[in-house]
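Build the complex from these two chains, which are given one at a time in their own frames, with help from the hints.
One-letter residues, chain by chain:
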Amino acid sequence: SQQGEEDPQALSIQEGENATMNCSYKTSINNLQWYRQNSGRGLVHLILIRSNEREKHSGRLRVTLDTSKKSSSLLITASRAADTASYFCATDARRDDKIIFGKGTRLHILP
Amino acid sequence: EPEVTQTPSHQVTQMGQEVILRCVPISNHLYFYWYRQILGQKVEFLVSFYNNEISEKSEIFDDQFSVERPDGSNFTLKIRSTKLEDSAMYFCASRRDTRETQYFGPGTRLLVL
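So the sequences go chain by chain: A and B.
Residue 1 is where the first sequence starts when you use our numbering, and the numbers rise one by one after that.
Residue 1001 is where the second sequence starts when you use our numbering, and the numbers rise one by one after that.
With the rest of the complex left out, here is chain B (with noise of 0.2 Å):
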């Protein structure tokens, strides 16, 4: 069964450094999603993209963050300059049509120190 994949699966890194997450989504999907979820809490939007541009992106969602689609299939989350509280499970989601259901992938687990 196809599946979203989410690498790297961790990631540590400085507080002031880049990051890049990366997706790549189901194969026939047009809709694609980031998520986040601080430890203990609730799951939170960020951004959802379609044809190549941002549909609509959360407050969370600043200057700091971008997002694109390089190629055919992967699906990238930047955060430029890392914070201590970015420090959160990030997941991307995947659906074909806005009518189905949103596939996660298994998330990266982000640290910053």
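Same shape as in the complex, but just chain A (with noise of 0.2 Å):
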């Protein structure tokens, strides 16, 4: 399986401190997107990470790519309240191919 497998399975931090996720996948892939969902709410986007990249920012967050073991990690720094939320990894190997979600990481910031 493909599939991705995200740790820590829950983190709790300060308002302000840094997170960081990280995600294990089993084979070869195309590309990792990482994936914030609150509560019972939709999936939203967050950054797509190809396989010849290595680290990709967007605002607060910053995604490594490592596909030599097959793995990669979500940093979302100074953290707010709001970016309390599950965080999925997902992962593609074919063209036409499903994604492939890992369990997720549940976030909370503590204020």
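Misleading hints may appear alongside valid ones.
Claimed, not checked - The calculated lysine-lysine pairs, modelled on BS3-like cross-linking and capped at a C-alpha distance of 30 Å, are:
1. Lys1042(B) x Lys56(A)
2. Lys26(A) x Lys56(A)
3. Lys1042(B) x Lys26(A)
Quick caveat, the hints were computed from the structure, so don't treat them as lab data.
Below, the structure is given as structure tokens:
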């Protein structure tokens, strides 16, 4: 399975601190994406990183990809209360394939 | 910014009834998907659709499920005879190209009683 698995399952940090979430997967991929989901709501796309990229930034988000270790990390800097959500990595391997989601990391930002 | 829309946002139905979930993908997108998320669990792939036919389907997508693109804008998921275990959030997604991001709709929360 090319399933992504996030680590940790849950993370609580103080507002203003940085949050790091990790994702591991099993097979070769074309892209890896990170999504955010607020409780019971839709999936918001955060960032896509291609297999030939090593790092990507978007605002307070930084994503890294290490294809040799089959892992990715999502860093949220200067966290805010509004960042409280579940974060999922999702991988796709073939041109017309689905994306496979991990179980997610539940991030809670403490005031 | 264009977005994927889904209707209804919530649907309650009796076991054995048929439901149709509707999606309007982003207009210039060519690849369409349905996923579902049972409460508290991860998002699972159901089916992908391209060029008016199913590209791939999961084990979940059995004979009770069907998809259709009846016109140039809508993409529907039909469940013929709902079961209790079909209760979940159903997400539609679309993308322009297989190298690009899949954009998700807000979901339809289906409750089967």
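How the hints compare with the structure:
1. Lys1042(B) x Lys56(A): holds (25 Å)
2. Lys26(A) x Lys56(A): holds (21 Å)
3. Lys1042(B) x Lys26(A): Distance ~17 Å between lysine 1042(B) and lysine 26(A) Cα, so the pair holds.
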